[in-house]
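Undergrad: Listed here are the chains, written in short residue letters.
There are 2 protein chains.
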Amino acid sequence: MRFGRIATPEGMTFAVIDDEGTTAKAIAGTPFTEPEYTGKEWALEDVRLLAPTLPSKIVAVGRNYADHVAEVFKQSAEHLPPTIFIKPSTCVVGPGAPIKIPDFATGVEFEGELAIVYGVPCKNVKASEWKSVVRGVTIINDVSSRDLQFQDGQWARAKGMDTFGPIGPWIETDLDKFDFENLPIKAHLTHDGKTETKQDSNSNQMIMSIGEMVEWVTASFTMLPGDVQATGSPAGTAVMVPGDYIEVEIPGIGSLGNPVERA
Amino acid sequence: MRFGRIATPEGMTFAVIDDEGTTAKAIAGTPFTEPEYTGKEWALEDVRLLAPTLPSKIVAVGRNYADHVAEVFKQSAEHLPPTIFIKPSTCVVGPGAPIKIPDFATGVEFEGELAIVYGVPCKNVKASEWKSVVRGVTIINDVSSRDLQFQDGQWARAKGMDTFGPIGPWIETDLDKFDFENLPIKAHLTHDGKTETKQDSNSNQMIMSIGEMVEWVTASFTMLPGDVQATGSPAGTAVMVPGDYIEVEIPGIGSLGNPVERA
Chain A
175 MRFGRIATPE GMTFAVIDDE GTTAKAIAGT PFTEPEYTGK EWALEDVRLL
225 APTLPSKIVA VGRNYADHVA EVFKQSAEHL PPTIFIKPST CVVGPGAPIK
275 IPDFATGVEF EGELAIVYGV PCKNVKASEW KSVVRGVTII NDVSSRDLQF
325 QDGQWARAKG MDTFGPIGPW IETDLDKFDF ENLPIKAHLT HDGKTETKQD
375 SNSNQMIMSI GEMVEWVTAS FTMLPGDVQA TGSPAGTAVM VPGDYIEVEI
425 PGIGSLGNPV ERA
Chain B
175 MRFGRIATPE GMTFAVIDDE GTTAKAIAGT PFTEPEYTGK EWALEDVRLL
225 APTLPSKIVA VGRNYADHVA EVFKQSAEHL PPTIFIKPST CVVGPGAPIK
275 IPDFATGVEF EGELAIVYGV PCKNVKASEW KSVVRGVTII NDVSSRDLQF
325 QDGQWARAKG MDTFGPIGPW IETDLDKFDF ENLPIKAHLT HDGKTETKQD
375 SNSNQMIMSI GEMVEWVTAS FTMLPGDVQA TGSPAGTAVM VPGDYIEVEI
425 PGIGSLGNPV ERA
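Protein sequences appear in the order of chains A and B.
For the first sequence, this note's numbering begins at 175 and goes up steadily by one.
For the second sequence, this note's numbering begins at 175 and goes up steadily by one.
Just to be clear, a hint being listed does not mean it is correct.
All copies of an identical chain are treated as equivalent in the list; a pair is satisfied when it fits inside any one copy or across any two copies.
[Unchecked claim] Okay, derived cross-link-like pairs now, DSBU-like style, lysine-lysine, Cα gap no bigger than 30 Å in a straight line:
id	residue 1	residue 2
1	Lys372	Lys214
2	Lys351	Lys372
3	Lys274	Lys305
4	Lys274	Lys297
5	Lys214	Lys297
6	Lys274	Lys351
7	Lys372	Lys199
8	Lys214	Lys368
9	Lys372	Lys274
10	Lys248	Lys297
Derived from the structure by calculation, the hints contain no laboratory data.
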């Protein structure tokens with residue numbers, strides 16, 4: 175099942191999106207319980223999709239794809255293992271919302287990633303139990319100012335500033351339909367009217383598995399319903415400039431597209 | 175005026191605490207508006223003080239005291255300027271609540287710091303205007319596993335795990351009573367029944383002023399009411415072990431004390 179959040183002429187609501195991605199059926203509560211339909215239904219083209227979750231935090235695992243570690247850090251993953259960083263709730267935007275780049279954030283790159291959305295409050299979850307605490311999966315673009323990332327040392331500003339956390343288009347709850355060890359991840363960048371596929375990788379390049387990441391993250395942090403865990407970016411990240419459009423695509427979920435603007 | 179949050183036999187509420195720190199008068203709303211008293215009043219010894227704010231995020235400025243940069247990073251502040259990191263809402267605990275150290279978090283140190291609490295949603299605030307967006311000041315103990323901090327590179331886990339963000343005892347809103355360029359900050363560690371003053375510094379050691387930090391932080395992050403900005407730790411941080419008790423003291427605010435336990 176696909177849960178989205180939509181802006182309608184009657185206000186904001188969570189909704190169930192059909193598999194064709196054409197209609198949204200409003201629900202009374204949140205995506206964390208069985209859906210209670212209100213009876214309101216919208217054509218998706220008549221509403222605006224918002225970020226499908228309102229996380230209290232995004233816990234992200236960095237350096238989780240060997241190919242990306244090599245391209246960005248010029249080192250082997252063996253010498254530079256995965257690390258954890260946090261993106262705050264205020265960086266989250268939905269599908270279609272602009273990524274706004276201020277003057278001081280130079281070298282801003284996209285990073286298309288699989289994201290998991292927690293469904294229950296949890297701590298100290300075993301790797302093998304990860305699906306029991308996760309409501310579903312979605313896509314995150316871990317937008318990063320590569321210059322600020324290295325200048326600051328800490329990644330909070332480079333990756334956490336307003337609009338640097340596009341999430342969507344919806345939460346897919348049917349985890350069994352995915353082979354998480356063989357899931358394609360692509361990112362297509364449109365620049366000057368020309369679209370190129372920049373990221374074209376697969377979750378089989380992950381260093382830590384999703385279960386291992388859940389166990390690692392929940393050993394330190396209580397995760398709350400709606401909280402997002404980003405699972406790392408594969409290789410192929412590249413600079414975006416105002417006027418560009420970036421679309422991240424994961425089969426079985428869909429695609430998350432955002433224009434790039436000057437803040 | 176001092177705003178606290180208290181657990182009473184009748185539930186949780188925000189309250190105005192008197193200057194002697196002996197009584198709590200319950201208010202109907204939050205600390206972000208003029209207080210509307212409910213008429214309920216408690217002796218402070220009959221209730222439990224909780225963290226006085228429920229931040230959506232803590233944005234912290236690290237390496238903001240030259241003496242602390244020298245002791246931890248073995249470099250001069252000139253070569254290692256201040257940096258920004260994020261502590262998530264789930265690390266926050268109140269006065270008296272235990273700091274719980276898991277086995278894998280070694281070298282856990284206290285860092286007593288002045289914290290500001292934002293009062294309005296804001297972005298791009300000028301340094302000279304900082305008091306207009308801040309509701310008040312409080313104390314934060316930026317608890318840090320020094321080993322994880324250097325092992326991970328990113329500080330999210332070392333400084334952001336559950337219970338590593340004690341805040342309190344209350345929010346002091348009368349900013350005019352402070353000289354923020356000459357404010358003593360102390361931390362007293364009790365170990366094996368013996369109390370020693372470990373941090374004994376002053377905000378006159380800050381590299382960036384509070385206003386400069388507000389301008390820097392709000393250039394990247396929208397700050398929301400209740401969000402906390404930590405202003406950096408002075409020198410004197412030291413390792414705490416289970417059984418210890420750590421108390422951070424700032425004149426004009428009060429003191430924030432927490433026991434240390436094994437998680």
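Undergrad: Which earlier hints can't be squared with this structure?
TA: 1, 5, 6, 7, 8, 10
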